[in-house]
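There are 2 protein chains.
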Amino acid sequence: MVQLRVGLAQVNVTVGDLAGNADVIVRWVRRGAEAGAHLLVFPEMALTGYPIEDLALRESFAEASKAALVRLAGRLADAGCGEVACCVGYLDLDGQGARDAAAVLYRGEVVARQFKHHLPNYGVFDERRHFTAGAGLAVLTIRGVEVGMVICEDIWQDGGPVTELGRIGVDLVVSPNASPYERKKDDVRLELVAKRAREAGAPLLYANLVGGQDELVFDGDSIVVAADGTLLARAPQFVEHLLLVDLDLPGGAPRGEPSEFTVTRRTLSAEPVPGYPPEYPRNIAEPLSDEAEEWAALVTCLRDYVHKNGFRSVVLGLSGGIDSAVCAALAVDALGADAVYGVSMPSVYSSEHSRSDAAELARRTGVHYEVQPIETMVAAFVGQLGLTGLAEENVQARCRGMTLMGLSNQHGHLVLATGNKTELAVGYSTIYGDAVGGFAPIKDVLKTRVWELARWRNAAAEWRGETPPIPESSISKPPSAELRPGQLDTDSLPDYKLLDDVLDDYVEGDRGYEDLLAAGFEPELVQRVLRMVDRAEFKRRQYPPGTKITFKAFGRDRRLPITNAWREGQDGTVPETT
Amino acid sequence: MVQLRVGLAQVNVTVGDLAGNADVIVRWVRRGAEAGAHLLVFPEMALTGYPIEDLALRESFAEASKAALVRLAGRLADAGCGEVACCVGYLDLDGQGARDAAAVLYRGEVVARQFKHHLPNYGVFDERRHFTAGAGLAVLTIRGVEVGMVICEDIWQDGGPVTELGRIGVDLVVSPNASPYERKKDDVRLELVAKRAREAGAPLLYANLVGGQDELVFDGDSIVVAADGTLLARAPQFVEHLLLVDLDLPGGAPRGEPSEFTVTRRTLSAEPVPGYPPEYPRNIAEPLSDEAEEWAALVTCLRDYVHKNGFRSVVLGLSGGIDSAVCAALAVDALGADAVYGVSMPSVYSSEHSRSDAAELARRTGVHYEVQPIETMVAAFVGQLGLTGLAEENVQARCRGMTLMGLSNQHGHLVLATGNKTELAVGYSTIYGDAVGGFAPIKDVLKTRVWELARWRNAAAEWRGETPPIPESSISKPPSAELRPGQLDTDSLPDYKLLDDVLDDYVEGDRGYEDLLAAGFEPELVQRVLRMVDRAEFKRRQYPPGTKITFKAFGRDRRLPITNAWREGQDGTVPETT
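Line by line, the protein sequences are chains A and B. Everything in the first sequence is counted per this note's numbering, starting at 47 for the first residue and increasing by one. Everything in the second sequence is counted per this note's numbering, starting at 47 for the first residue and increasing by one.
So that you can see chain A by itself, here it is in the shape it has in the complex (with noise of 0.2 Å):
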């Protein structure tokens, strides 16, 4: 047996700041030196940070990514780690194009590297605009033990070169990751890790990354099984992390098996790490349950997204109802309440528990709080415009978005906007009223899920004595824009339950018309609903970015023309009368 200390350093980096990204990875490679780690695996393109899109075909950003890489090697021996081999991922250019690659330092020099056979072009992802795909293998012996390494999607792939690996033999498969968040995508993971490693007979390094990045949030979650499919290793979630391991390896794969695919051997060091006393056996961390996993997911992606784009504060406006109630909890535990400015903003249709319920959510979660009515400037533009019915409504809600883009403007805060996926989805908001912000923390919670949230989070303030941060008369009373006398989404809208059932099989299912008849909906229902959300989207168009959650958010998953006549349920036989 074969002994090896190996530490997945679980990063939280930002796209395009590679002198930053360098000095994160320094710092955790000092840590894992310092621990005694034999070998670290940071996730992928954890020098550029991931997605970089378009970033990777400009030739100037690629031959950066390169030069950093090589300065990041020349630093670590530097820095007296050069003896830590450190699998790190970054963006690599060659005669063929851009690649999605990872790197082996090692005292001071890039010593193999590898690049992603398969390029995900589905749901989030558009690798094969952006890369070209990868055909070799590295192998590296280090400290005796031999060392594969495969990418991200390529363990997504059956018959990919995780099973070649296992064919050729080697003792280690590493695999540096960039998989975003979504719901329970952790269970899938790890039974995917568990199938690999069994094909590899190997133990298999699972590394992603963590944090937030425009609309995708990384989840963390680095794994390690054993050959078998055993989880020896599991990091915790939404946080950066050293997951460190001691390993017993088999040692003594077989070496210059012929392969299909160039297979690339370098031996680093081939004498095994002497015996000593393991420190590390089994560290797993307990899965997040399905509603802290969100609330971790949405906290890290706003807290992120504002960090990262030079903001320090937020401004929202606080209307007494679950959405920006839910909104503001979700500022206040990724920013803290004093970062957070809350404005209740009523007009003459406000009732008195909307404004007391902002009142009282300000007082539970301490953020900062104003109250701005709009009467005035609602009165300028209704008098002299002549404005009546929806124009009237919608006027209502722009001065609301108005008056908050021009505290953000004085003030610097980041505006944020408290539409939900379902609202989204059926166009129920108003574009330049509450559409507003710069980010929209629960773009991708439908309806349902957003009071199921806001229970959960009560529930675990209540457990940990805390003060529960939303008024419970938020949580419980009818929804309302409350942009008319009386006016309840009732009035527009089919029940909440029953259309996000819809909106679940239609937008995450891309289930079409009969489809959605043989689930049991009226024919009724899943037109009005389906006309709702066709129509709506010009608006998602201009929808600020949220952080994505589901199978398929609005945004890069869910990509369809404005300009659309197909109308499910029609098939073409009927022409559509407008």
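Be a bit skeptical, because a hint or two may be false.
Identical copies go unnamed one by one, so any copy, or any two together, can satisfy a pair.
Stated by the list, open to error - Restricting the straight-line Cα-Cα distance to at most 25 Å, the calculated cross-link-like pairs of lysine to aspartate or glutamate (DMTMM-like) are:
| hint | residue 1 | residue 2 |
| --- | --- | --- |
| 1 | Lys598 | Glu583 |
| 2 | Lys585 | Asp232 |
| 3 | Lys543 | Glu554 |
| 4 | Lys112 | Asp547 |
| 5 | Lys112 | Asp580 |
By construction, these hints were calculated from the structure, which means they are not laboratory data.
Guided by the hints, dock chain B onto chain A, whose structure is given.
Same frame as chain A, but now just chain B:
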């Protein structure tokens, strides 16, 4: 020699409108049949419209497309057009996935299917996300002529199916296309088509879409070239057209030559057409000048966006400046003056000439015109919220945006955003202010080009003996946002000529810092401009769609992260201080 009368139907269809598009196809086939055509070619995905984006992933839509195709074949036969072989683009779906396909309809049946081999996944294209590539070739005998088919990108790639058709031998190649307009692309296209015809050793029929679809506009420019590459016929740009040509073909192409591809052969009619006197020997439309072509692209895309989305009229702010003047002139050319509503919205900082130039524009073009001063509205916000400086400037722009949206909601007009590409690039616009709109006609036109197009449009009017639409003073005066006393654009921005030159290299050329210095720009200018461009990404994300006319438009052409610490010229050696 074998004779054949062919027609290229350059049609304007609507994405998703299967029934409506089938009607369009039937109408043009009738015309072709009346003109005695034996073979008609429609553009790529003519039945579904193009690009359908993620509709390609919806099974219900793909099935509806297939069913609509079968019905279309029946309708054509019922209409007495069954003897005309019609090549029609549509969406197919089989066990391997969705297909960008073309079918031949003949005597009431679908007699052949050809799938696209090469799926573009760059620029505005995401076809590897949407389609599975084809690998076979369909070859038909039509009136004794061997006909092969290749779809759009298949002729842009060397060594594609055209080369194989040349090897196995055909008498004629038909090519359905949906090739979006870009400046000067027509020159490239003709050369390419000629080259492929020579490769195939047969005449090539290049049928292209016409009309607008969200940010893309198709210019038609359908082409027929002889086997030696000689141009035989060319359709006019930006109009629906049936391009008819009488061909003399050698005939007698080999049948049954072995191929790497699976070749599906079918004989529709072995008997050549009896000799007839040709009526359509040559028919070559003169391509438009660069300015005329760009203007027509902007007009066409605006018109189609408005009409295909169910609007009949537009409203826009008239500031007296060049951008709003050009947008108004485009709208008048697209929709007629009676469908255009101009609003002058003076503030306390508006100069006398901005009011008089706006009124003069309205007088010259005949658009509806009203004046809505914004003082009262601005005072309501500035007074209550205590806004100063930039916050106060932005309120003015936002009160104008709200005024236009109020009029839009009240009267049903689509709002036009009048910003140009230079402003959008450097973020010289107010989000939720002048950026408000459903469509942005000159979003992809650099400021210097806006002036050139204005001059060209005025000259064209003079040449036709009409009143030039744009007041000379709007063209010649120094540009100003008029958000504070005596403000000029040059207070905040470099000279527009220089700025546009940098933008051209940085945005269209994707050139890095060193490259820009090598091109002769001053380091300080480059850093200043690039910083502005990089920091404005969040504004661009919420900007309305607008016509793409350049090689790289903001939008789907250029996909950069919002959270992005990369700064050109800093190459990661120096951490940026913000």
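Tested hints:
no. : hint              : verdict
1   : Lys598 <-> Glu583 : both (15 Å within a copy, 23 Å between copies)
2   : Lys585 <-> Asp232 : neither (32 Å within a copy, 34 Å between copies)
3   : Lys543 <-> Glu554 : within (16 Å within a copy, 47 Å between copies)
4   : Lys112 <-> Asp547 : neither (48 Å within a copy, 29 Å between copies)
5   : Lys112 <-> Asp580 : between (44 Å within a copy, 22 Å between copies)
Hints 2, 4, counting from the list given before, are not met by this structure.
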